[in-house]
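Participant: Please build the complete structure, drawing on both the sequences and the hints.
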Amino acid sequence: MSPKRNHFKLTKKTRLFLILLFATVLLLIPLIAEQLTDEVNWDLSDFAVMGILLYGVGISCELVLRKIKKTSHRLLLCVFLLAVFLLIWAELAVGIFGSPFSGS
544 MSPKRNHFKL TKKTRLFLIL LFATVLLLIP LIAEQLTDEV NWDLSDFAVM GILLYGVGIS
604 CELVLRKIKK TSHRLLLCVF LLAVFLLIWA ELAVGIFGSP FSGS
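Count along the sequence shown starting at 1, add 543, and that's the number in the numbering used here.
There may be inaccurate statements among the hints.
Here are the simulated lysine to aspartate or glutamate pairs, EDC-like style, with alpha carbons at most 20 Å apart [to be verified]:
#1 K556 with E605
#2 K555 with E605
#3 K552 with E605
Derived from the structure by calculation, the hints contain no laboratory data.
Facilitator: Put into structure tokens, the structure is as follows:
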């Protein structure tokens, strides 16, 4: 007799809520840091761009998880979305590619 396993399974609604909550917490980090130090200097447009990036990637990954059935394809697409997010973030932060978006 095999023991019963209690697998914790998130509903789609709960998973989306957690993704959006995580994105919001990430946006709160620079907001709090601005209050504590002069090293962080974000304006409204910085928060707007990062919010669009974070929420966009989160919702896109949720869409992939809902629509794509094959696990390997889901993983590949979500990793691709995260890689694109990291490249855009790095470009906007320090201009690694020297594009006009980075301000160089």
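Participant: Taking only the CA atoms, is the gap from K552 to E605 under or equal to 20 Å?
Facilitator: Holds: K552 and E605 sit about 15 Å apart, inside 20 Å.
Participant: Can you confirm whether the C-alpha distance between K555 and E605 stays at or below 20 Å?
Facilitator: Roughly 8 Å between the alpha carbons, so the hint for K555 and E605 holds.
Participant: Within 20 Å, alpha carbon to alpha carbon, are K556 and E605?
Facilitator: holds, 10 Å
Violated hints are absent here; each numbered hint is respected by the structure.
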